[in-house]
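Chemist: These protein sequences, in sequence, are chains A and B. In this text, residue positions in the first sequence follow this note's numbering: the first is 15, and each later residue adds one. In this text, residue positions in the second sequence follow this note's numbering: the first is 252, and each later residue adds one.
Note that these hints are calculated values from the structure, not bench results. Don't take every hint at face value.
With the C-beta cut set under 10 angstroms, the calculated list includes, among others, these residues of chain A facing chain B [what the hints assert, rightly or not]:
hint : residue
1    : Tyr46
2    : His48
3    : Arg72
4    : Tyr101
5    : Gly116
6    : Thr117
7    : Gly118
Taking lysine to any residue and the SDA-like style, the derived pairs with C-alpha atoms no more than 20 angstroms apart in a straight line are [as the list claims (entries may be wrong)]:
hint : chain 1 : residue 1 : chain 2 : residue 2
8    : A       : Lys17     : B       : Val311
9    : A       : Lys17     : B       : Gly293
10   : B       : Lys260    : A       : Leu53
11   : A       : Lys17     : B       : Met292
12   : A       : Lys17     : B       : Glu310
13   : A       : Lys17     : B       : Gln288
14   : B       : Lys308    : A       : Gln107
15   : A       : Lys17     : B       : Arg295
16   : B       : Lys308    : A       : Phe114
17   : B       : Lys265    : B       : Arg362
18   : B       : Lys260    : A       : Glu59
19   : A       : Lys17     : B       : Gly291
20   : B       : Lys260    : A       : Gln56
21   : B       : Lys260    : A       : Ser55
22   : A       : Lys17     : A       : Thr44
Values in this document were obtained by computation on a predicted structure and should not be read as measured data. Cβ atoms here follow ideal geometry from the backbone N, Cα and C, with glycine treated the same way.
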Amino acid sequence: DAKTTQPNSMESNEEEPVHLPCNHSTISGTDYIHWYRQLPSQGPEYVIHGLTSNVNNRMASLAIAEDRKSSTLILHRATLRDAAVYYCILREQTGANNLFFGTGTRLTVIP
Amino acid sequence: NAGVTQTPKFRVLKTGQSMTLLCAQDMNHEYMYWYRQDPGMGLRLIHYSVGEGTTAKGEVPDGYNVSRLKKQNFLLGLESAAPSQTSVYFCASSYRFGDFNQPQHFGDGTRLSIL
Numbered sequence: 015d016a017k018t019t020q021p022n023s024m025e026s027n028e029e030e031p032v033h034l035p036c037n038h039s040t041i042s043g044t045d046y047i048h049w050y051r052q053l054p055s056q057g058p059e060y061v062i063h064g065l066t067s068n069v070n071n072r073m074a075s076l077a078i079a080e081d082r083k084s085s086t087l088i089l090h091r092a093t094l095r096d097a098a099v100y101y102c103i104l105r106e107q108t109g110a111n112n113l114f115f116g117t118g119t120r121l122t123v124i125p
Numbered sequence: 252n253a254g255v256t257q258t259p260k261f262r263v264l265k266t267g268q269s270m271t272l273l274c275a276q277d278m279n280h281e282y283m284y285w286y287r288q289d290p291g292m293g294l295r296l297i298h299y300s301v302g303e304g305t306t307a308k309g310e311v312p313d314g315y316n317v318s319r320l321k322k323q324n325f326l327l328g329l330e331s332a333a334p335s336q337t338s339v340y341f342c343a344s345s346y347r348f349g350d351f352n353q354p355q356h357f358g359d360g361t362r363l364s365i366l
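So here's chain B without its partners, still in its complex pose:
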């Protein structure tokens, strides 16, 4: 049981390049999330999904797009990377609510540097 797996673990991009971060979960969770964490700060929500084919904006969505074509996968895209997007990106998943207190399960992060 792998839990939440993020690919890649590290990446360096040049300004203006595009890339896609992949998140996969094997727990059959309905909800999935993308967060970013900047140095010395807590996590901030970028986008989230409450089910296959649905996505919604979080706290800091600008410059990112997401897709949830399959229940187990949640993709985060950067169309034109900017240095301000240098960060550690975390994916998480959880069961849907009925119970708002379902814990979120996190991956180990993708460390992205944009030069």
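Excised from the complex, chain A in its bound form:
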């Protein structure tokens, strides 16, 4: 599976936008970019996914570079509840729908 690179940690002030970067220079043409997050003492939860175009949902936005070698998860207005580890994952369109987690980015939200 193609690998992703994320910063180990980031901080944000409450109610400000947060941009979480992810590099995936070896992405293949059919890999989708998925984001999950893991709140403290909970299992991961799905956030968003995309292929080429930018995507928006109620939780976040996903901005994908034109060459698809990087992407950014955008939280438009960080709340204390958004403090979590965010995982950027490349999904191959084969196999058994498995997810391969890296170590993610730990987001700290400062009140």
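Since chain A is already given, all that's left is putting chain B on it; use the hints.
Modeler: Frame of chain A; chain B shown alone:
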């Protein structure tokens, strides 16, 4: 709608003991997964199942067995627990693909310590 429920939430075992972790989902998902998460690391896939009566190995299957006798349940067994199996275990489920991008739904984990 409970989603994915894991039983038990916490357990302490002695080396060599056996136990079974239970995962139950009420979303009629075809696919189910067991992951482990060690401190400071991401999740790693142990075993998975694409349907009732079928299982397959993931990234770190050694020392574990699984069974999927009913669609809604996925059991993870440790036959002879070892300290290296101290971890947090997560179960997940998803709809089958047709669409490889079906999100996985996770339980809240089982924290297992082996002394």
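Chemist: Next item in the hint list is Tyr46(A). Is there a CB on chain B closer than 10 angstroms to its CB?
Modeler: 5 angstroms, holds
Chemist: Given Arg72(A) as an interface hint, is the shortest Cβ-Cβ distance to chain B below 10 angstroms?
Modeler: It is violated, given that the least Cβ distance between Arg72(A) and chain B is near 14 angstroms, above 10 angstroms.
Chemist: Per the CB criterion, is Gly118(A) less than 10 angstroms away from chain B?
Modeler: 6 angstroms, holds
Chemist: Quickly compare the C-alpha distance for Lys17(A) and Glu310(B) to 20 angstroms and report which way the hint goes.
Modeler: 15 angstroms, holds
Chemist: Hint check: is the beta carbon of Gly116(A) less than 10 angstroms from a beta carbon of chain B?
Modeler: Holds, about 5 angstroms.
Chemist: Going straight from one Cα to the other, do Lys17(A) and Thr44(A) come out at no more than 20 angstroms?
Modeler: 14 angstroms, holds
Chemist: Return the status of the interface hint for His48(A): holds when the least beta-carbon distance to chain B is below 10 angstroms, violated otherwise.
Modeler: 7 angstroms, holds
Chemist: Holds or violated: Lys17(A) with Met292(B), Cα cutoff 20 angstroms?
Modeler: Holds, at about 15 angstroms.
Chemist: Within a Cα-Cα threshold of 20 angstroms, do Lys308(B) and Gln107(A) meet the stated pairing?
Modeler: 19 angstroms, holds
Chemist: Given the hinted pair Lys260(B) and Gln56(A), is their alpha-carbon gap at most 20 angstroms?
Modeler: Holds: Lys260(B) and Gln56(A) sit about 11 angstroms apart, inside 20 angstroms.
Chemist: Does the alpha-carbon distance linking Lys260(B) and Leu53(A) stay inside the 20 angstroms limit?
Modeler: Within the cut-off at roughly 17 angstroms; holds.
Chemist: Is it true that the CA of Lys17(A) sits at most 20 angstroms from the CA of Gly291(B)?
Modeler: 18 angstroms, holds
Figure legend: structure checked against the earlier numbered hints; the only hint not met is number 3.
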